[in-house]
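Protein chains in written order, with my numbering: chain A, 1 to 495; chain X, 1 to 98.
Any given hint might turn out to be false.
What the hints assert, rightly or not - Derived coverage of chain X by chain A (criterion: at least 3 residues anywhere in the stretch with Cβ under 8 Å from a Cβ of chain A; other residues may be distant):
{"no.": "1", "stretch": "54 to 63"}
{"no.": "2", "stretch": "80 to 90"}
As the list claims (entries may be wrong) - Chain X is nowhere near these chain A residues, computed Cβ spacing over 10 Å in every case:
{"no.": "3", "residue": "333"}
{"no.": "4", "residue": "360"}
{"no.": "5", "residue": "413"}
Said to hold, decoys possible - Far from chain X, by Cβ distances over 12 Å, these chain A residues were calculated:
{"no.": "6", "residue": "4"}
{"no.": "7", "residue": "7"}
{"no.": "8", "residue": "177"}
{"no.": "9", "residue": "205"}
{"no.": "10", "residue": "210"}
{"no.": "11", "residue": "336"}
{"no.": "12", "residue": "341"}
{"no.": "13", "residue": "361"}
{"no.": "14", "residue": "378"}
{"no.": "15", "residue": "418"}
{"no.": "16", "residue": "423"}
{"no.": "17", "residue": "460"}
{"no.": "18", "residue": "482"}
Please keep in mind that the hints were generated in silico from the structure rather than gathered at the bench.
Quantities reported herein were computed from a predicted structural model and do not represent experimental measurements.
Cβ atoms here follow ideal geometry from the backbone N, Cα and C, with glycine treated the same way.
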Amino acid sequence: MSVELYDFDQAMAEFDPVLGLEVHVELNTVSKMFCSCANVFGGEPNTRTCPVCLGLPGSLPVVNAKAIESAIRIGLALNCEIAPWCRFARKNYFYPDMTKDFQTSQYDEPIAFNGWVEIDVDGEPFRIEIERAHMEEDAGKSVHVGLSGRIGDADYSLLDYNRAGTPLVEIVTKPITGTGAKAPAVAKAYVAFLRDLMLALGVSDVRMEQGSLRCDANVSLMPKGATQFGLRTETKNVNSLRSIEAALHYEIRRQAALLAGGGKVHQETRHWHEEGHTTPGRSKETAEDYRYFPEPDLVPVAPSPEWIAELRETLPELPDRKRKRLKAEWGFADQEFADIVNAGALDLIEATVAAGASPAAGRKWWLTELARRANEAGCELAELAITPAQVAELQALVEAGTLNDKLARQVIDGVLAGEGSPSDVVTGRGLAVVSDDSALAAAVERAIAANPEVAERIRSGKVQAVGALIGAVMQEMRGQADAAKVRELVLATLS
Amino acid sequence: MALTPADVARLAELARIRLTEDELSALAPQLDVILDAVAGVAEVASADVPLTSHAVPLTNVFRPDVVGPSLAAEAVLAAAPAAEDGRFRVPRILGEEQ
Numbered sequence: 001m002s003v004e005l006y007d008f009d010q011a012m013a014e015f016d017p018v019l020g021l022e023v024h025v026e027l028n029t030v031s032k033m034f035c036s037c038a039n040v041f042g043g044e045p046n047t048r049t050c051p052v053c054l055g056l057p058g059s060l061p062v063v064n065a066k067a068i069e070s071a072i073r074i075g076l077a078l079n080c081e082i083a084p085w086c087r088f089a090r091k092n093y094f095y096p097d098m099t100k101d102f103q104t105s106q107y108d109e110p111i112a113f114n115g116w117v118e119i120d121v122d123g124e125p126f127r128i129e130i131e132r133a134h135m136e137e138d139a140g141k142s143v144h145v146g147l148s149g150r151i152g153d154a155d156y157s158l159l160d161y162n163r164a165g166t167p168l169v170e171i172v173t174k175p176i177t178g179t180g181a182k183a184p185a186v187a188k189a190y191v192a193f194l195r196d197l198m199l200a201l202g203v204s205d206v207r208m209e210q211g212s213l214r215c216d217a218n219v220s221l222m223p224k225g226a227t228q229f230g231l232r233t234e235t236k237n238v239n240s241l242r243s244i245e246a247a248l249h250y251e252i253r254r255q256a257a258l259l260a261g262g263g264k265v266h267q268e269t270r271h272w273h274e275e276g277h278t279t280p281g282r283s284k285e286t287a288e289d290y291r292y293f294p295e296p297d298l299v300p301v302a303p304s305p306e307w308i309a310e311l312r313e314t315l316p317e318l319p320d321r322k323r324k325r326l327k328a329e330w331g332f333a334d335q336e337f338a339d340i341v342n343a344g345a346l347d348l349i350e351a352t353v354a355a356g357a358s359p360a361a362g363r364k365w366w367l368t369e370l371a372r373r374a375n376e377a378g379c380e381l382a383e384l385a386i387t388p389a390q391v392a393e394l395q396a397l398v399e400a401g402t403l404n405d406k407l408a409r410q411v412i413d414g415v416l417a418g419e420g421s422p423s424d425v426v427t428g429r430g431l432a433v434v435s436d437d438s439a440l441a442a443a444v445e446r447a448i449a450a451n452p453e454v455a456e457r458i459r460s461g462k463v464q465a466v467g468a469l470i471g472a473v474m475q476e477m478r479g480q481a482d483a484a485k486v487r488e489l490v491l492a493t494l495s
Numbered sequence: 001m002a003l004t005p006a007d008v009a010r011l012a013e014l015a016r017i018r019l020t021e022d023e024l025s026a027l028a029p030q031l032d033v034i035l036d037a038v039a040g041v042a043e044v045a046s047a048d049v050p051l052t053s054h055a056v057p058l059t060n061v062f063r064p065d066v067v068g069p070s071l072a073a074e075a076v077l078a079a080a081p082a083a084e085d086g087r088f089r090v091p092r093i094l095g096e097e098q
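The task is simple: from the sequences and hints, build the whole structure.
Set out below in structure tokens:
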């Protein structure tokens with residue numbers, strides 16, 4: 001099967017892309033949306049089901065209060081209005097991932113609507129309008145058994161309903177226009193923004209590889225300057241930030257080739273493959289196909305203004321505002337600050353600064369020595385066994401002259417090895433810089449006596465030769481001396 | 001109302017019910033009778049009567065986010081027409097992906 005692809009730059013010269021992004025966020029409540037089965041990832045199949053999430057006759061769902069709270073907090077963080085009254089709806093479909101033959105969702109009464117967020121792509125701000133954020137439940141997981149493991153040529157399918165009934169919030173954008181060639185990057189930045197936001201809110205694990213954050217990416221093309229949107233495709237199975245960008249890049253090239261060749265785009269769902277292409281799925285259903293109707297088994301949700309105000313109080317400082325504030329407070333250049341954010345060191349440095357270190361010192365330790373350790377250990381900075389307070393303590397020891405950088409690295413070894421705080425490691429390993437002048441002076445005398453030719457060269461004015469004597473002194477002091485001080489002493493002795 | 005056989009065919013498709021031409025023609029006037037009967041409600045309900053989806057005037061019925069027991073997997077699968085590997089086994093899913 002060969003698919004014709006247009007050159008991306010050429011496509012962007014001839015067409016304007018319009019994006020629409022649907023992001024599903026699995027909430028991290030301890031129990032499911034409508035029943036008390038545990039809400040955890042994975043596990044033995046069909047071990048976390050009950051009459052409610054299996055849709056057995058006579059069972060009745062009851063809404064999880066925490067899920068509603070999380071949905072409202074997400075809505076508030078997205079600058080949405082919160083519905084004073086809304087209902088759940090049944091979305092009917094024929095697919096065995098729900099035993100009920102419908103998904104409990106919301107239709108024309110989402111709990112949150114009309115919001116916006118502002119994201120940043122390479123320093124350029126984009127405002128993304130949010131159409132709605134609604135509550136629903138996740139479906140079960142299917143395994144297709146057959147030649148390729150794909151649904152199309154499967155002999156039969158196997159279903160695990162552990163995930164059925166997991167609370168979800170689906171966040172839907174309004175059409176995103178005006179991005180031009182940045183469309184794929186904007187989509188990626190938006191999903192990254194949502195991921196950070198959900199983490200800050202503490203409402204989801206947002207682990208894309210486990211499916212707790214999923215994105216369906218809609219895109220259409222229209223001739224440059226047109227206002228009438230083209231027919232769109234919706235790409236599913238996009239499970240990483242990188243894939244979102246790649247999938248949209250691919251769809252834009254594919255659609256451009258179709259349109260430029262005088263053809264038409266089929267409005268359909270497409271499936272992203274990590275090897276780098278999409279394949280057609282089912283033709284897109286219309287809302288009518290789902291025969292939505294109000295869920296009679298769940299009473300309406302009517303959050304009072306007082307409750308909403310209370311939940312608004314629980315919102316943390318949101319990531320974008322925090323970044324702007326810290327960048328201004330710390331005074332780093334754009335690239336220096338971007339490095340901090342990309343390394344996942346923002347919160348760590350903030351805490352290090354709060355514990356008394358300067359922003360520059362915080363940045364230095366976390367982005368160099370500690371970044372190297374994290375890299376070697378194959379873990380995130382935040383997973384290293386050293387706290388921001390300990391890093392601040394380490395820096396204080398350096399500034400007090402107790403440690404030089406070389407000793408500080410040994411102290412980090414000790415802290416990471418579980419030997420206690422930096423002070424504990426200094427004491428335990430006997431690492432402090434020797435500041436006893438008489439001990440240093442004696443070492444300097446010995447170094448001069450052992451290297452008479454070097455000493456003579458320095459006396460005759462070749463000051464650059466001092467390095468050899470500093471090295472000798474440092475070696476004798478096992479590195480526990482301040483090199484600048486040693487240099488000063490050597491020169492004073494020989495002058 | 002006057003439903004056409006084409007309307008009935010669309011409804012049948014949504015409900016995944018296969019009907020013959022004769023059945024479509026026979027069902028259209030029968031469904032009309034039902035719709036006419038329901039339409040009578042619209043005549044009685046004036047604009048000041050709100051749409052009703054729930055019989056009881058309750059809102060905000062919630063449960064605390066607490067984990068309770070689930071069913072044993074064997075019990076769950078015992079109710080399945082077919083099972084394999086701890087999972088429900090279902091026939092091939094058609095019309096989803098080519």
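Numbered hints the structure breaks, given as an ascending list:
Of the numbered hints, all hold.
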